[in-house]
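Student: Residue numbers (the numbering used here), protein chains in the order written: chain A, 1 to 327; chain B, 1 to 390; chain C, 1 to 314.
Source of the hints: derived by calculation from the structure; they are not laboratory data.
Any given hint might turn out to be false.
Unchecked claim - List time: in silico EDC-like cross-link candidates among lysine to aspartate or glutamate, alpha-carbon distance up to 16 Å:
id: 1; chain 1: C; residue 1: K93; chain 2: B; residue 2: E262
id: 2; chain 1: C; residue 1: K188; chain 2: C; residue 2: D200
id: 3; chain 1: C; residue 1: K93; chain 2: B; residue 2: D263
id: 4; chain 1: B; residue 1: K50; chain 2: B; residue 2: D67
id: 5; chain 1: C; residue 1: K188; chain 2: C; residue 2: E148
id: 6; chain 1: B; residue 1: K226; chain 2: B; residue 2: D67
Unchecked claim - Stretches of chain B that chain A covers, calculated by requiring three or more beta carbons in the stretch to come under 8 Å of a beta carbon on chain A:
id: 7; stretch: 174-184
id: 8; stretch: 253-259
id: 9; stretch: 304-316
id: 10; stretch: 350-357
Every residue gets a Cβ at the ideal spot worked out from N, C-alpha and C, and that includes glycine.
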Amino acid sequence: MNFDELFGHLGQHTVDGLAKGAIYALIALGYTLVYGVLRLINFAHSEVFVVGTFAVLGVWTAVGLENNPPVAQAALFLLLGLAAAALASGGTALVIERLAYRPLRRRNAPPLVFLITAIGLSLVIVEILGQLLPDTLGGTMTTLFGRPRQVVGMPTIIESKPLFTIAGTSITNVQFITLIAALVMMALLDWFINRTKYGRGVRAVAQNPETAALMGVNQDRVIMLIFVLGGVMAGAAALLWSMRTGITQNELGFVLGLKAFTAAVLGGIGNLRGALLGGLLLGVVEVYAATLYNSSWEDVVAFVVLVVVLMFRPTGLLGESLGRARA
Amino acid sequence: MIDKLREVDDRRRALLGGIGARWRALSRGQRFLAGAAMVVFAYYLPSFGKIPGTNLIIPGLVSLRTDYMDGGSNWSGVLFTCAIYVLVAIGLNVVVGLAGLLDLGYIGFFAIGAYSVALFGSLNSPVVHWLQQTFDLPSTWAVTWAICLPIAVALTMISGVLLGWPTLRLRGDYLAIVTLGFGEIIRIFARNMTEVTRGSQGINGIPGPEGAPSADNQYFGLIDPKWWYFLAITVVLLMVFAVWRLENSRVGRAWLAIREDEDAAAVMGVYGFKYKLWAFAIGAALGGLAGFLFASRYAFIDPTQFNVRLSILFVAMVVVGGSGNMVGVAFGAVLLAYLPERFRAIEDYRWLAFGVAMVLVMVLRPQGLIPSRRRARELEDRAKEAAASV
Amino acid sequence: MSDQTTTATGDGPKIPSQPGPRRTLLDVDHVVLRFGGVVALNDVSFQLYEGEILGLIGPNGAGKTTCFNVMTGVYKPTSGEVRFAGVRVSGRKPHQISRIGISRTFQNIRLFPEMTALENVMVGTDSRHKTSVPGALFRIYRVKPKPEELPQVTAAGGLPRLWQQVRRGSAKIFGLSRHVLEERAAEKKSLELLRFVGIDGRANEVARNLPYGDQRRLEIARALATEPKLICLDEPAAGFNPAEKEQLLTLIRQIRDRGHTVLLIEHDMRLVMGVTDRVVVLEFGSKIADGTPSEVSRDPRVIAAYLGEPVDAA
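One chain only, chain A, in its complex shape (with noise of 0.2 Å):
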């Protein structure tokens, strides 16, 4: 246990954490508003956001982007990817509410019917993504998993570097960026659940369906509304995911799922503001906790804060709610 290292930097540590975390909220939001409003778990969400990288992918290929482009071209890039990764992710959710999810609304299904959709829906997106990979055996061997797929890099948008320090704590341009672009998306969406025509009736339908419907609201494109919303925010995660790390690949989505669920449950899932603070709070606890053992060990966290947190306050931090109605 690496103590000194932890409290030596203790600083740095935290800002990496938050920059990491910023991603899990923005993906936990498609949990929690879909959460919100159907009181299901949307599995398929991670592949929602592996499709928006690859969308970022695409977009840069297709443009030509080089490493390190002059300032101006990068953020024309990265707003074009946004638009893309927004477009592909938020069309994808639509597709995948109107094709799996409605056939079963109709029908009453159990949560356990669409849970068990959604995994058969999230296989099938990422073997079509991996339809688009290299694989990295050549083309001669298949496991019983299907043909591993390479790793894919995408050109360095922006190089990373120490933007400004405080106290010993460097805070680099891309972490700042990641920081800021997430807080604002958070930011828009709050104003729109709270503040527009729009989320009045998300929130109408999410406390009580049955009245809402009753004073004209209409279900379906509430529904398909936040599925969308949820989309755009994957697909924004996605676009700071690509300027981050730089990589993808079509098995993303599982663990990082996993990860952005926990945050949700963390903050509270139905609550918007919950996510942002559980998918903070993970990233931070992961880097703390890699720190302190061994990178190799940092996937567990997330699963062993899951486990606590959903035995201990099944509610999260904040409580469930989704527009601060439902106690």
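Given the coordinates of chain A, work out where chains B and C should sit on it, guided by the hints.
Tutor: For chains B and C alone, coordinates are given in the frame of chain A:
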């Protein structure tokens, strides 16, 4: 296209219903004979399409085997895999189909079963080395295969209870995610705890009924897995019998009652938690048994073999086949293990196909291909309620 | 689990309903229940004597169901306690309460809808049996069967007859497993209970397909199957027509005659007056009267509480 699928499905259902009715109309003696015939057939399968004792083949049937084409897999080997998957499906069916708990971490129990025999039975395992040194045993000493078996079952049961104890109070979908995490944690432990499991190097020399793998082994060798299949199918038949006994006793009734109305069951004196825990432990033991046989057969395991994807495959076998019905889940298991082997063209797309199958079955026919009659009714009732409330 | 667990028997001593020295079975002792600031039960005390039929009545919202839930362990009282045969009820889990001898039916029927009527009742009888998973699995524990429990030889001849004879002989020599005996006893007793409530003809029908009245009867049979000393009926006549109510009255008396104590929560005043030995009246969470039906119906406070409500629809 969807309508066409439904039409085909309706016809298949009618046929199935006919078979079911005919089966129930048989007398006890006739049922016994039919069952015995099926058992005999199960043991005949390795020579499927051939006439035993001769070299004659039956042309139509033989093409169903996987070894009568270029680069096909060993037929007995495929049968062994099928038997292992059937065992897994029957175990998972106790948890998912009977007790109604979705366990996505079943691969964890499979892994624990496999690692039990590897760690205690193999001469190359750090655990055996440690035991040799501590108790001053000869360097050829390791735990006998036959003793590894109860160890594996006990360890998996204990891990099932340890996982179930804190988590069974959770809501169904939360439980599913937590178990998924458990499956992944087991794999990470196997990978990271190199001083115990040798990490990603894996463990070889895992024993079978005849001891450590060697060329001298008469029956349970690495080349011809026929006897491995016989062993596995024997275990499967025994376990089918055991689960059938449970299903048709107060235990089965308690599971059903809990699934239908847990509060009312509690008022009738059914301690839900206890029976759920039993379901978890029994399911875990069966999964561990499957892992145990798997590790013995291949004599080598490493953490990558216990990918969470297998967990999802296991769930797919149960739900596609028809959860709650042993015939159904066994059928699902055989289907998902056999088809990719026989039709090599789809091998690359097998996971895609599994995913599509899961979605299609859930959207079109959530009770599975060969459903349990009760499960089918439960789901139909929910659908009717939904239709009535619109 | 309580060490005072005793098994009630179906044909216990018949206790006459005349007044006299009686044993208290259930003791509701100064029970107060608050939900936040709301007082749901305010210092309620009453006793239930062995072998009687007690009616618990009161206008809507008087706290009948709340009181019922305290008695069956669903809620824990804020202060005071409920004792059953000297054992504290509060704080026990529902299955433990069933074990000490309290059973109940539900106001809104809660059967196991996809199980047959017989299976529904068998779930109740199972709670008094000893074998569990190992017993059902291995069936090693053997018991010497009584002569009437031996397998019967019924087949006319041939192989089936030989087989049955072998089974009978081996049961004589080796005994039968306790699991098998209990399973048969459960089935026999469940059928007997179905006959008792009058729906044995539908034993193999799925519960949800039974007509409404039969579902209510099945619930009673299921509650009786746990061999309770006290059976609590929560508005058993809801939705019944007068003829069915009359049959229910007879059934309730028969239940008492089998040796069970009955607690009846009911809206229908006529039903309550016709069958109960004693009535406890609740209003706004407090007890306002306790006595024989005729005493209670003359009580001015009871009349005031029910004022303006027609007596039979109250």
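Student: All hints are to be evaluated individually against the structure, with a verdict given for each.
Tutor: Hints, verified against the model:
At roughly 13 Å between alpha-carbon atoms, K93/C and E262/B fall within 16 Å of each other, so this suggested pair holds. Pair hint K188/C plus D200/C holds up; C-alpha atoms about 11 Å apart against a cutoff of 16 Å. About 11 Å separates the Cα atoms of K93/C and D263/B, which keeps this hinted pair within 16 Å; it holds. Proximity of K50/B to D67/B is assessed by CA-CA distance (about 13 Å); at most 16 Å being required, the pair is judged to hold.
At roughly 12 Å between alpha-carbon atoms, K188/C and E148/C fall within 16 Å of each other, so this suggested pair holds. Proximity of K226/B to D67/B is assessed by CA-CA distance (about 14 Å); at most 16 Å being required, the pair is judged to hold. Against chain A, the stretch 174-184 of chain B contributes 8 residues with a C-beta closer than 8 Å to a partner C-beta. That satisfies the three-residue criterion, and the hint holds. Counting residues of the stretch 253-259 of chain B whose beta carbon lies closer than 8 Å to any beta carbon of chain A gives 0, which falls short of the minimum of three for the stated coverage.
With 8 residues having a beta carbon nearer than 8 Å to a beta carbon of chain A, the stretch 304-316 of chain B meets the requirement of three or more and the stated coverage holds. Only residues whose beta carbon comes within less than 8 Å of a beta carbon in chain A count, and the stretch 350-357 of chain B has 7; three or more means the coverage holds.
Comparing the model with each numbered hint stated earlier shows that hint 8 is the single one that does not hold.
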